[in-house]
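Visitor: Each chain, letter by letter, is given below.
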Amino acid sequence: MRRLAALCLLVAPLAGCSGPPLGYLDATSPVAGAIARLGWGLTVISVGVCLIVGLLLIIAIYRRRPDGDLSVTPVNDRTPIRWIGVGVAISTVFLLGSAVWTLVTVHSIGEPPQAGALSIDVIGQEWWWGVKYHSSDPAREFTTANQLVIPVNVPVQINLTSRDVIHSFWVPKLGGKMDMIPSRTNVTWLEADKIGEYRGQCSEFCGLQHANMAFNVKVLSQADFKAWWDHQLQPATGSPDDPRLRTFMVRCAACHTIRGTQAGGILGPDLSHFGSRDSLAADLMPNTPENLRNWINNTQTIKPGAKMPELHMLASETSDVTSYLEGLK
Amino acid sequence: MNEIARREILPVGGVDTVSTAWWGMACLIATEAILFVYLIFSYVYLGSQQAGPWPPSGPPSLKLAIPNTVILIASSFLLGWGVLPFKRRHDKRRLVLALAGTIGLGAIFITIQGFEWASKPFVFSTNAYTSAFFILTGVHMAHVAVGVLILIMLLIWTLMGRFDGPHHEHLPLGALYWHFVDVVWLAVFTTAYLVPQFK
Amino acid sequence: MVTQAETIDSPEGRKLLSLWETAPGLYGWLASVDHKSIGIRYLCTAFFFLIIGGIEALVMRVQLAQPDLKVLSPDAYNQLFSMHGTTMMFLYALPMLSGFSNYLWPLMLGSRDMAFPRLNALSYWVFLLAGIFLYVSFPIGQAPNGGWFAYVPNTSLPYDPGINMDVYALGLIFLGVSTVVGSANFIVTLLRCRAPGMSVNRLPIIVWGTFTASAANLLAVPAVSLACAMLWLDRRYGTHFFEVSGGGQPLLWQHLFWIFGHPWVYALVLPAMGIVSDALPVFCRRPLVGYTLVAISTVATMILGFGVWVHHMFATGLPVMSLSFFSAASFVIAVPSAIGVFCWIATIWTGKLQFKTPFLFFAGFVMLFVIGGVSGFMTASVALDWQLTDSYFIVAHLHYVLLGINVFPVVGGIYYWFPKMSGKMLDERLGRWTFWTMFIGFNVAFFPMHVTGLMGMPRRVYTYPAEMGVGWLNLISSIGAFVFAIGVLLFLINIAKGLKSGAPAGNNPWDAPTLEWATTSPPPVYNFATIPQVASRYPLWEDRLKESDERSIIGDLARDGMVLDKGKETIGVTPLDAEPNVVLKMPGDSILPFLLALGMTALFFGLLAHVIWLTALGVVCEIVILALWLTPKPHVAEEEVEVYE
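Protein chains in written order, with this note's numbering: chain Z, 1 to 329; chain G, 1001 to 1199; chain X, 2001 to 2645.
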């Protein structure tokens, strides 16, 4: 009875219309799809084993016996041992089959089908994601943060490392995880089947704000992706004499970079084209002026331990910076 | 009323594998031996992940290490010379000579290795290699020091006459520990000193 | 027929009592080397740590019951989850099983004590003091906070500058001494300190399980001790084992930790599986089906357990070839487990069932074992593990295997052996309530975590957003956790009630077959007035099982079996066939183990606080105490031993 209830618990949320944002049994990529098929297969085997063993246990306990006889009598275990042999043989067959399926799956998803046309570095740091787009033309390379934008149906090579502790890169709907280890580069690859947005989250305990180190992956059509890339290369709009920019330079540029301005700090995320990003603070909340203002004023309350200090800026300064950043589309 | 079915004369305490102490020492040696396996693994692993040469500063000098190795191996033979025949012949003078001699050789080993360490162009905290080198040789050195302490205790007990009677089970067990420490040195020496010569 | 109770009052019994009893008062309490008293201390102390670890978990479950709660700061949460894991994995799970084995082994093996009684006392004192060492950091808010697994560089000095991880590193090295020393004691006791005739194929499975775990611990613990030493050196002395500046490798920590960690988790469950293999058959009124299969599976699981450690590192980017090998090995290791499950079910199937509380726990264990086992099977698949690892699916798996395969057999084992240890029965009705509350609470708490994990909730997070869609599942888990805690409370009430007013147990309330049930409840301090001569696996059922014509001799009279009363002594036997070959003199009360443990405490506190003289003092004390401990004492060369029949 409990197992039936558990099964329902298992299936219900997964059969839900849109699926949970980090769920991976409904996948939208060849990699995640291969893993999901394997996952469903092993889940079915597992549930089957639990039901069968549960049934055997229940029968073993409740089968008819002469009433009240609890005497110890001589035993002959030849038959039970034979049945145990049968059980172990069947189990071994399923184990072997699962192992083979696993190895086949690993082989099929290990390498991208064609050499990654697109190569992106993702650098983990406490508690945000640096992202660098590579190109054969060095002038077309650029840096952003906390969001990954990729074209649909194109295999993308992701080069992972860390600037501090071990993090782990995970976009469940698009593929399995890969750790980001300082002084090493781990290479993985993604390919999305469908245009849309997918959530990713750090999945290796990395300290105080491990829980709030997320990012989003935006999958665009190939044409939209090229347009996006071109746009990212544009320097920041607006006049260099903009007083809001001056406030930004004084208060924020020590840690943050904005392409096309003098701001070149690398301790914090690159804020170029910040206005066009969907979320802020490593996908902690949607990118709205109100949230940005709140983030700047109450950093340590929202994300205690974050490396960004509370700056205690004047209200006018906060307004300046907020409206300036939101204007960087 | 029950009858006595049989009488057996059994040793009390026993020697070698009949005693329980031998098995206890075997467990100690097993766990210490695997510690050295893990130390060597760590040294080799760190080396395998380096881009450059390993050791980065070139192979360690054998000038002091080879004579030191000879000293340690000789000490094992000296100890065996004194302990092995003791069971049969109770030659206390020979035993004392062997114990004192081995203690002396062990102390010399430690001193020479100390000089060797001091003459290195690097320290414990210089880089991954130095950390691995010093912990490998250092943990071994600690075992030599413990071995010397054990031998000192055996010498004191011998001089106190504790082994004058029929029981001296401590002697072969202490000697076993010392021989173990020597065998480990051969592994450490090969890994840290010999192998880099051939790279 | 003269009973054991009457033997106790006989001149022979009183003579043995005077040879074996512990001195009264505080000195006796500190200096006791009696394995039964040490066993009970282990059980009580380990259970105390279970409660503490459980409270830590309950507080966390309050924080996680709903999204975005602010019951705990991230720093507090990190200390709690780290201490929860460290407490359960190091201070509860193995010591609890050591407690059972310490108490039971000499009784089950027909002997009078463990091979090294003073070493036994030492292993307990070090466990207690190391546990205190780890917890001293809690009140000052500097408890270990890097997880029980302490991955670098997160636990390196730049990212964890307080003393938190120094406490962890030094504390585990300290505790490791207890584990290694205890393991050596179990190994030598098994090989040499059994009753004549107790050959290896007659050993209770808990003995097989603990022996296997002990051999493994001897070989595995040095890896984590070394890793902790390296961590402490990196943090405080600037070395570069793991520090990437200078060529250190973060993955070296993971390799060393899991080379220890995987065999360790098998050490935490194999003895508990042994409890079930020995006690379940009693409530099925028949021997275990497939004794040889189960014994071999126990050893096979442990050996294979040394070859799967990389399955904790599947997402670290190691070469695919190596990952494939470890994935395959992780599938293979399920085979011996399957053998065990089928043997237990077969025992129930062909048995005549007694639905007493222990039986409920053991039957429940079988189901939980299978659920934990299949979730493990799913994670063995490296490709699937790339999604499952570091999610709540693993949290579900690990709790099913650890509570299912350790805690449930342990509680069942306590219901089973409490009468032997205390002479009193626990309340059956309360026992049934305990079982169902614990079983339901446990499944309600942890089953939803499989789903939570499949929905992508990462682990080791102090909170989660509402959009993740896992709030309602987390609420269910939190409620289940509290129901489980109520079950544990009922259990404690039952123990208290039993100690105060439980029904008298008698020698063998369960009509069980093994040697410990031949003594009084509780047994006299010398266990057996005469050493038994063992003729089968189930000595007290021989007349009924009729497996052969041979009968064990279990001394009811003072002159029935092997007499060993010329001092505090027991018999030593050959390792395989248990032929008596030596008389072993046992030490009397000794304060040295306690003092040695205190010396070690000074040593480690000195290292923690960088107070050289304290460490030096500790070292000097250890040397002096060891010299006293190991001093050769004169004794007779031979003794005449009489065997009565």
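Check the hints yourself; a few may be wrong.
Claimed, not checked - Computed footprint of chain X on chain Z, listed as stretches where at least three residues anywhere in the stretch have a Cβ under 8 Å from a Cβ of chain X: (1) 143 to 151; (2) 226 to 235; (3) 247 to 258; (4) 267 to 279.
To be verified - Only pairs whose alpha carbons sit at most 25 Å apart, straight line, appear in this in silico PhoX-like list of lysine-lysine: (5) X/Lys2070 <-> G/Lys1092; (6) G/Lys1087 <-> X/Lys2070; (7) Z/Lys307 <-> X/Lys2633.
What the hints assert, rightly or not - Looking from chain X toward chain Z, a few residues come up when the C-beta cut is under 8 Å (computed): (8) Pro2153; (9) Asn2154; (10) Pro2319; (11) Met2321; (12) Ser2324; (13) Arg2544; (14) Leu2545.
Everything labelled a hint here was simulated from the structure, so no lab data went into it. Predicted model only: the values in this text are computed from it and were never measured. Idealized CB from N, CA, C, for every residue including glycine.
Visitor: Okay, which hints does this one fail, numbers in order?
Guide: Of the numbered hints, 1, 2, 3, 4, 5, 6, 7, 10, 11 do not hold.
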